[in-house]
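Peer 1: Below, each chain spelled out in residue letters.
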Amino acid sequence: MDDSLLYQFQGFFSVGGDVNAPTRPHPTFSSLYKHKRAGYGEQETRRRRLLDEQRSRRRDHADYVRKIAEGEEWEEEMGEEELEEDIDPDHVDDASAAGADVKEGEKKKRRVHPYRNQLMMSEWLVDVPPDFTDNWFMTVCPVGKRCLVIANKRTTLAYSRIGAFINCFPSLLPGGCRRTFYSPRDYCILDCILHSPSRTFFVLDLMCWGGHPVYDSDREFRAFWLHTKIAETKGVGEHAKINPYAFKPLDSFSCGRDPGVEGSMAQVLSKSWPLEVDGLLFFHKSSHYKRGTSPLAVWLKAHMVSDILGVPVAEEFLECAPRMSDPLATPLEPPITPASEKRGKEEEDCETEMASGALMDSQVKEVDMTSS
Amino acid sequence: VYIVSLQFLNVPAFRNVTLKCLTEVAGIQTSSTNTQYSEQFVVMFTLVMTQLKQMLPLATNIREAFKNGQDDEQNFIQNLALFLCTFLKEHAVLIEPKPELQNTLLEALHYLVLISEVDEKEIFKICLEYWNSLAADLYRENPFSSSHSPMLLSQQNFPPRRQLYLTVLSKVRLVMISRMAKPEEVLVIETDQGEVVREFMKDTDAINMYKSMRETLVYLTHLDYADTENIMTEKLYKQVDGTEWSWKNLNTLCWAIGSISGAMHEDDEKRFLVTVIKELLGLCELKRGKDNKAIVASNIMYIVGQYPRFLRAHWKFLKTVVNKLFEFMHETHDGVQDMACDTFIKIAQKCRRHFVQVQQLEVMPFIEEILNHIRAIVCDLQPHQVHTFYEAVGYMIQAQMDSVVQERLIEKYMSLPNDIWDSVIQRATVDLTVLQDLDTIKQLGHILKTNVKACVAVGHPFVLQLGRIYLDMVNVYKVLSENISSAVSVSGELVTKQPLIAGMRTVKKETLKLITCWVSKSQDPVMVREHFLPPLLDAILGDYRRNVPEAREPEVLSTVSTIVDKLEAQAVDDIPPIMDALFECTLEMVSKNLEDFPEHRTNFFRMLQSVTQHCFAALMKIPPAQFKLLMDSIVWAFKHTMRNVAEIGLNVLLLLLQKFSVDQVGTQFFQTYFIDLMQHMFSVVTDSSHTASLTMHATILAFMFSLVEEDKITAPLSTTAQASSNAVYIQQYVAELINTAYPHLQDAQVKMFVGGLFHLNNNIPAFKEHLRDFLVQIKEYSGGNSEDLFLEEREAQLKQAAKDKRQQQLAVPGIINPHDRPDEMQE
Chain A
1 MDDSLLYQFQ GFFSVGGDVN APTRPHPTFS SLYKHKRAGY GEQETRRRRL LDEQRSRRRD
61 HADYVRKIAE GEEWEEEMGE EELEEDIDPD HVDDASAAGA DVKEGEKKKR RVHPYRNQLM
121 MSEWLVDVPP DFTDNWFMTV CPVGKRCLVI ANKRTTLAYS RIGAFINCFP SLLPGGCRRT
181 FYSPRDYCIL DCILHSPSRT FFVLDLMCWG GHPVYDSDRE FRAFWLHTKI AETKGVGEHA
241 KINPYAFKPL DSFSCGRDPG VEGSMAQVLS KSWPLEVDGL LFFHKSSHYK RGTSPLAVWL
301 KAHMVSDILG VPVAEEFLEC APRMSDPLAT PLEPPITPAS EKRGKEEEDC ETEMASGALM
361 DSQVKEVDMT SS
Chain B
1 VYIVSLQFLN VPAFRNVTLK CLTEVAGIQT SSTNTQYSEQ FVVMFTLVMT QLKQMLPLAT
61 NIREAFKNGQ DDEQNFIQNL ALFLCTFLKE HAVLIEPKPE LQNTLLEALH YLVLISEVDE
121 KEIFKICLEY WNSLAADLYR ENPFSSSHSP MLLSQQNFPP RRQLYLTVLS KVRLVMISRM
181 AKPEEVLVIE TDQGEVVREF MKDTDAINMY KSMRETLVYL THLDYADTEN IMTEKLYKQV
241 DGTEWSWKNL NTLCWAIGSI SGAMHEDDEK RFLVTVIKEL LGLCELKRGK DNKAIVASNI
301 MYIVGQYPRF LRAHWKFLKT VVNKLFEFMH ETHDGVQDMA CDTFIKIAQK CRRHFVQVQQ
361 LEVMPFIEEI LNHIRAIVCD LQPHQVHTFY EAVGYMIQAQ MDSVVQERLI EKYMSLPNDI
421 WDSVIQRATV DLTVLQDLDT IKQLGHILKT NVKACVAVGH PFVLQLGRIY LDMVNVYKVL
481 SENISSAVSV SGELVTKQPL IAGMRTVKKE TLKLITCWVS KSQDPVMVRE HFLPPLLDAI
541 LGDYRRNVPE AREPEVLSTV STIVDKLEAQ AVDDIPPIMD ALFECTLEMV SKNLEDFPEH
601 RTNFFRMLQS VTQHCFAALM KIPPAQFKLL MDSIVWAFKH TMRNVAEIGL NVLLLLLQKF
661 SVDQVGTQFF QTYFIDLMQH MFSVVTDSSH TASLTMHATI LAFMFSLVEE DKITAPLSTT
721 AQASSNAVYI QQYVAELINT AYPHLQDAQV KMFVGGLFHL NNNIPAFKEH LRDFLVQIKE
781 YSGGNSEDLF LEEREAQLKQ AAKDKRQQQL AVPGIINPHD RPDEMQE
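Sequences listed follow chains A and B, in order.
Following the UniProt record's numbering, the numbering of the first sequence begins with 1 at its first residue and continues without gaps.
Following the UniProt record's numbering, the numbering of the second sequence begins with 1 at its first residue and continues without gaps.
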C-alpha cells in the first residue's frame, strides 16, 4: 500500500494540534515531522517568547484561584489557547500582548470549565536549550494518574486532567478537613500524580497554598515553597484516618551533567530509583505555572535521555523505567519517490534502529537529509 | 370506472381523494395473463401522467414547493408519492416493454426522484421502499455482472432493464448519499447507582431507516459501482473546497461511505478508501478549531472502523490507526475519547487475530506492546471508557490460541486492576472498616466491572484471573452484604439509595455478574462444581437467606440458574442446599402480590425452570409440604400478567408434566395435582389478558388430555370413584366446569368442545384451532374483540419473513453491516 497515506495519517492527523505533545510519538524517534514541519528550533523560540511574556505580564491570580477552589464556571475572553490553535503563531504575539484587556469588547466570551485543562502540560523535549545545565531542573515522575487536587471547605477533591471527578476525601492540607479548616479562604491547589496502590499523591507542583496563589512565582520558588509547607504540615505525608492519602513532594534536581555532583541529574540517572518511573520532567527555573501546554516544561522517557541529552543512563535506572519500545512510535518509511527507491531499503533499516533508540543525534540528521 | 375519476384529478379540491382512490386501484394485483386489466392499467397510468404534467410541470422544485406549501398541497405530494410507488411496484412490468411509454415511465420516475428530495421523513420512507425494491429487483435479475470487473464494463453491456433505469438510478444514488441516516444511536444514561453508562440503541426508527437506506445503496452500488464512487468522491471534494461544508453534510456523507463496506470489489474498495481517507485527512488539517477537527477526525475513524477487510489486509495501516486512537484517548476535547474507545473496540473485535500474531517487520505481537503501555494509554480515560478499553483488549487475548501464551497475556492484562485490588484486600485484612469507606468501595466496583468486561471478552480462559481473586471476592461480598443488611434494618429501605450503600450493592452485583458471566462461558463443568461452587454456596447463598429482603440481590437467583444450566445433572446433589437457602425466602417476597420485586420474580421462576429441566431428580426429594409450595408458585407464576413471568411459569409446568409422565412417582403427583392444574389452566386460557400465550396453553392442555386418553395415569383421578375411567371422569369434569362458568353455552357446544379436546390432542395446531374457536364462541357473547387471538400467528409470520430475508442477504456482498456479519474473526 502507498505509504504516504500512513505517513499523513500518523504525522498530521490530530485534534489538538500540538505537535510536541507527549501523547504523540517523540518527533526524533518517529522521524516524521522533519519533512514538512521542522519543529526543531521552533520550540526554543517559543520558550524565549514565553519567558519575555512572563516578565511583562502579571495577572491577579487571587480571584482565579478562588474560582477554581469554589469550582464555579466562569466566562473568559477567548484567550491565548484558542488563538494559539486557531491562528498562526506569529499572530499570537500581538494578539495576546495587546491582550484581552485592550480589545475586550471585540473578543468572544467563552465558558471556562473550572477543572478542565487546568494543569500545566509538558511538551516533548525536542530542542535542547542552550542554558539547560544552568537554568533547568529535573523531576523524576512516578507512574500514576495526573490530577488536580483542591483542598477547600473541609474537604479535598481530585480531578483528572480533563476535569473528570476522581475522588473526594479528607486531608490535612490547609482547608482539606475539619481540623485544618480555619477560614474559608484557606484553600490549596496542587498538581499531583496519584499512585493508587500505595494511596499516595506525589506532588509535582504547587499553585496555591493556604489561599496564597503562586502561579506567577517561578518554579524555583514554587518547589522550595512546596517542600517547606509540606514539611511544616504535620501528618500530611502519612496515612491516617483523617488523611487517607499521603502527600509527598517530588524532588527537583539540577540538570548538571557531572555524575560526581550530589543531587545532579547525571548522578540520579546513574543509580536505581525506588519507584516505577514514568518519565523525566524538566522545568525552566523561572517558568511560571501556566495552564495548558508550556514549552518551559518538557518531557522525556528515560531511554531517550542518552540520545537527546547525551547523558548516560545506568541500566539500574532504566530497569525502574520499564523499557517500552514505544509502540506509539511506529517506524515508518517516508514516501519513496522512484528516484530514491534504491535508498528506500537503507532508510528502512536506519529507522528500525532509530525506533529502538540506538542512533545518535548526528545520524538522525543524516537520515533526515537523505529523505527530504 | 377509473377514467371517470380521472376527471376530478385536476380539480384541487378533489385531487387528494382521487389520488387515494387511484392508489387503491393501483394496488390491485392482477395476473399478468389477464390482458383486459393490463390494458386498463396502462391507460390509467398514461392518463394520470398527462394530467399530472399539466398540474405540476416536470421542472418544479418539489422540495421547495413542499416547504412552502399548505397542508393540502403537502398531502397531495404524499399521495402522489404513494400512488406512483404503488403503481410502479405492481405494474411497471406492463409499462417497461412498451417503447412508446418509456418516456412517460421516466417522467414518473423523475417525479419520484424529486419527491425523494422532500425534507419529510414519512414521504421519504414511501419513496425509499420503492427504490429499495426496484434496486433489489434489478440486482437479483443479474446478480454478478458488476462485481467481476466493473471498470471494464461499458454502459452498453448493461442488461436492457438496467439500461432503462440507468440515469434515474444515478439520481437516486445521489439522493441516498446526501440523505444517509445516522447508523447508530448512543444514549448516555445515569444508572441508579449514579454511574454514567452509554447504551447503544438497537431498534429505533432512525436505525431502521439507516438499515433500509444502506440496503438500497448497496444494491445500487452493485448495479453501478463506478457511479457510486464518482458521486461520493464528488461530494467529498465539495466538502474539502468548502462549498458544501457543514458538520451535518460531512457526517451524512461519511455514513454513506461507511455503509457500502464490502459492496465493492476488494481492489476497487482499497483504491476508493485510500482516496477518501487522504482527502479527509487533508480536510482535518485544513480546518481550524478543535470542534471542526474533532468532527472530521471522528468521521475518519468511523469510516476506518467500517472497513475491517481493508484493515486486515494492511497491517501497517491498522497499527497506525490503533496508535492514533491511543493518542486520541488523551485528547481533552469533548467526545473524542469516547469516539476513540468505541472505534477501538469495533476494530478489536473484527481484527482480533492480527493483534496476537507477530506481523511482518515486527518484533513481537502488537498485543504485547499494548499491554506494556496499558497504564499510559488508559490514564486519561474515565471509568466507563476504561471498561470498554479492557473489553476490546480482551477480544484480542481471546484470539490467542496457545494457552500458555494466553495465560501470560491475561496475567499482564489484569495486573493494573489486580495491583489496586491487592492493596485494598491487604488493608481490609488488617482493618475491616476499610470496606466502609466510600472511596474504597468505588474502587472495588470499578475493578470488578473491569473484570466483568474482560471476562465477557476472554471467556473460559479467564478462569486464571477469576481463581486469583475468587475467595477474596466472595469474602468481600459477604462483609458488604452484612453491612448493607444492618444498615437497612437500622434505617429502613431508603438507605439503599445512599452513595455508600449503593456503591456496596454495585460491588455485590458486579461480583455476581462476574461469576455468572464466567460460568456461562466456561467449558469445564467439573471445575465449576469442585472449585467455584462450594465457596459460593457457603457465602453467597447463606447470606441471601440471612439478609433482609431489600438487601437480597436478584442476581443471586440468576447466577444459580446459570450454574444449574451449566452443570446440568451434575448439580443434583447441590440442589437441596440451594433450594433451602433460596426457595422459601424468595417465595415469601414474591407471593404477596403481583408487582413487588419484579427482578426477583423473573429470576426466581427462571431458576425453577433450570432446576426442573436439569435436576428433576432433586425435586423428587423435596418434602411434600415444600413441593406443594412449589406447585403453588408455578401456578402463581403462570397467572402473572407480566408476560415473561407467565411464559416461564408455563414452561416449567410443561416440563414438570413431561418429566412426571415418564416417572413412577408420577401417579401420585397426578392424583394430587392433575384436577387442580386443569382448572387453573382453563382459567388462564379463558382470561383475555393471557391470549398471547395461547400456543403454550394449547400445548399443555393437549398434553394433559393425551395423558388421560392414553391411560398413562394409572390411579383413578376422581375422589369419589364413580366414573368408570379417568377419561370419562375428566370429560364430565371439564364439561361441568364450562357449564358453570358459561351458562349461556348450549350443551351441544360444550359436548363438541370437550370431545374435540380429546380427539385433537395429538395435533397441537389443530388443538389450538379448536381452543380458539371455543374462545371465539365465548367472546361472541361478551362482545370482545377476537382479533388478538391471532396475534401469535402474525408474529411468527413476521419472524419467518425476517429470517428468510437475512438468508437472502447473506448472499449479497456488503449488504450486511460488517459488524453484524458472523465471520472467521468472531468465533
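Hint data in this document are derived by calculation from the structure and do not stem from the laboratory.
Warning: the hint list may mix true and false statements.
[Stated by the list, open to error] Subject to a maximum C-alpha distance of 27 Å in a straight line, what follows is the list of computed DSSO-like cross-link-like pairs (lysine-lysine):
(1) A:Lys241 to B:Lys98
(2) B:Lys659 to B:Lys628
(3) A:Lys241 to B:Lys478
(4) A:Lys153 to B:Lys497
(5) B:Lys121 to B:Lys287
(6) A:Lys145 to B:Lys412
(7) A:Lys285 to A:Lys153
Peer 1: Each hint needs a verdict: does it hold in this structure or not?
Peer 2: For each hint, the structure was consulted:
Under the criterion of a C-alpha separation no larger than 27 Å, the hint pairing A:Lys241 with B:Lys98 is inconsistent with the structure, at around 91 Å. For the hint pairing B:Lys659 with B:Lys628, the CA-to-CA distance comes to about 17 Å; that is within 27 Å, so the pair holds. The suggested pairing of A:Lys241 with B:Lys478 holds, with an alpha-carbon distance near 24 Å, which does not exceed 27 Å. As the CA atoms of A:Lys153 and B:Lys497 are separated by approximately 25 Å, the hinted pair is consistent with the 27 Å bound.
For the suggested pair B:Lys121 and B:Lys287, the alpha carbons sit about 32 Å apart, so the restraint of at most 27 Å is broken. About 19 Å separates the Cα atoms of A:Lys145 and B:Lys412, which keeps this hinted pair within 27 Å; it holds. Of the pairs offered as hints, the one joining A:Lys285 and A:Lys153 is violated, with about 32 Å between alpha carbons and a cut-off of 27 Å exceeded.
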